[in-house]
Amino acid sequence: MADLLELEGLARRFGTVAALDDLSFSVPSGEVVGFLGPNGAGKTTTMRAIFGLLELDAGSVRWNGSPIGSTERRRFGYMPEERGLYPSMLVGEQLEYLGRLHGMSAKAASIAALGWLERLEVADRATSKVETLSHGNQQRVQLAAALVHDPELLVLDEPLAGLDPTGIDVIGQVLVEEAHAGRCVLFSSHQLDLVEDLCESVAIIDHGRLVATGGVDELASRGARRVAVRVEGDHEANWARRLSGVSLSEVAGGEARLVLEDATPSDYVLDSARAAGRVTKFAFERRRLSEVFREAVSR
Amino acid sequence: MKPGVVLAVVAAAVVLVRLTLRRRRRLPSPPLGGLRGRWRESDLLGETGLVARREIHERLKSRMFRVVSLLLLVVVAAAVVVPTLTRAKAGPDRVGLVAASPSLRAALQAIAKEAGAEVDLLTEPSLPAARAGLAAGRLDAVVSGRGKILVETPLLPTDTSGLARYVRAVSLSLGVERAYAAAGLTARQAAIVARARALPVESLEAGKAPRTTAESTALIGVILIFVVLTQYLTWTLMGVMEEKASRVVEVLLATVRPLQLLTGKVLGIGTVALAQATALVGVALVLAEAVGSGLVGGTAPLVMVATLVWMVLGYAFYSWLYAAAGSLAERQDQIQSLALPLSAPLIFGYIVCLTGVSSGEPSLLIRVLAYLPPTAPFAMPTLVGFGQASWWQFALSALASLAGTLGVAHLAARIYGAAVLQTGGRVRLRKLLLGSAH
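Quick note, the sequences are listed as chains A and B, same order. In terms of the numbering used here, the first sequence opens at residue 1 and continues consecutively. In terms of the numbering used here, the second sequence opens at residue 1001 and continues consecutively.
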């Protein structure tokens, strides 16, 4: 049976601020789920709620239909937003220690720690103190700490922040591989292009409420049709400004991006473009995730 | 005194400590496993045991611990050995006699007894020979039957040693005898006058009895408890603060409950503290036996055991409070204002009991403080040192301390759980307990 994390009706207030407001969504196994929202939207609070690090005013977090206890949490992996490792402890010892806290034997934890350090390309730092590592390598070790016990659910708060392209590639690949190996993977990020590349689905929250959720492809193809048109000699896309039932969302490099109302046929747009000059590009486009996000949080 | 044995014991202790605390080599294969296989009991205690074991491992590894341990070892060894060295130096003084009649010899023996001095009277062939013996250090003083007394260096008025007391008494006695003879007293009359004794002077208040060995041990114990508690409670405070500051606590609390984490930390650091204190007491006992110190006689060992018991109880009581205080801070400068109010009862109890031991009589205040958990770790060992605590009083005080510990542990776990994940500045305790902080 596939694993499933379910969040239902989560509510939590801090004084007069509603950090979570009837938040519900689920994270199925086998795919990477992006958890998006502006700063202060409630992402970190949600993640802490999954691990029982704060008390909820209402709602429940369930794993495979059951409430989550300490036994279940041992099978979860967590990478908090504010990275946390013992600065003066050796990398290998630290991972082994964290593995043992999750119920592994000393030997299994040691082997797993070394395995993850190799996979994340920092095995040569196993006997270094954490504080001597670069930011990027500390980030990799932090991810290894979340993975060392082979968790069924992986919750990562901004795992890609501050990484160089190589680090992003390595960690991104690990997340995808883990999801495809049957884990539930939930991660937050403000790097929406990366999320679009890595995630199969997303949950977007704002002011503690869910404002959009679904598959990335599904969300991108939802809403009005979009076309990108380039007409030779009309760099300002003046031809498009005269059309009815069409709005011009962007003109860049002589290319006009148009949003069509439901009743507007695409032939009408193509014919209008041809009438204006030689058409060198006419392509249907889907929304970028960044557009989906901006639209969702501006409601 | 047996200097060879002393040196051997000190050397063995130092080597033992060095071996125990030696930094473990980091072997290339296996690269990990630094925490493995030492204390299997941690498996029985689950996550709490693992947390405690990490604390023990990290503390033993630290340079600070090794330096402090060696320093304390040296101080304790000195406290045991130095008094015996001083005592040995004050052994029988050798007094050379020149042209001394049997009656003079008898009189000199009597004077030694009167003055409370231990002297060996050695017959010398001549005054020059005796003078040479004095210069060479073979003799400590010379008395001639022809009315001459010699010492190597002038006697200072402040010198209260046995030899000084004896020489002064001989000088006075022989001078008086000479005066009797000059006054024309018969031998019988002179003897009657010589037996004259000063009239006793009575005081309204009783005099202070000299400190017993048990009281001295209590004094050392109270100081040791203060030093160990101060050191390890500070470690507890800093340890919790550092876990919060480095944010590792959020990773840990995702798996371990706050009470488990807190208990593991308190247990781990407490184990190191107890091990260090036990080692110090053990070394003190072995050294005391080797050098014939009074520490192993009478009720002194009982006072040592009481010291260890109250060190544990004191740590147990205070460690929770210090750990909770550590969870309120995330910077060094915030620690100062948190530690001050916590250490106030600790310092108060320490000073009151230190003064009590020095005055030679436990005050009523000490008798009251012995039943209050914050001050009992100092007051109860003090009463034991004075022999003024029966077993049921000891047990009652220990029970009160344990009950107090349960209370503060409950409070500390509540504070810790609520405060340790709050970042961005010092958490205010009042807001926290009122539940309005976030």
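Worth double-checking, as some hints may not be accurate.
[Stated by the list, open to error] Within a straight-line C-alpha distance of at most 27 Å, the following computed DSSO-like cross-link-like pairs (lysine-lysine) qualify:
| no. | chain 1 | residue 1 | chain 2 | residue 2 |
| --- | --- | --- | --- | --- |
| 1 | B | LYS1061 | A | LYS129 |
| 2 | B | LYS1061 | B | LYS1113 |
| 3 | A | LYS107 | A | LYS129 |
| 4 | B | LYS1148 | A | LYS107 |
It should be emphasised that the hints constitute simulated quantities derived from the structure, not laboratory data.
To see whether the hints hold, each was checked on the structure:
no.	hint	verdict
1	B:LYS1061 x A:LYS129	holds (14 Å)
2	B:LYS1061 x B:LYS1113	violated (58 Å)
3	A:LYS107 x A:LYS129	holds (21 Å)
4	B:LYS1148 x A:LYS107	violated (86 Å)
In summary, the structure is inconsistent with hints 2, 4 from the numbered list given earlier, while agreeing with the others.
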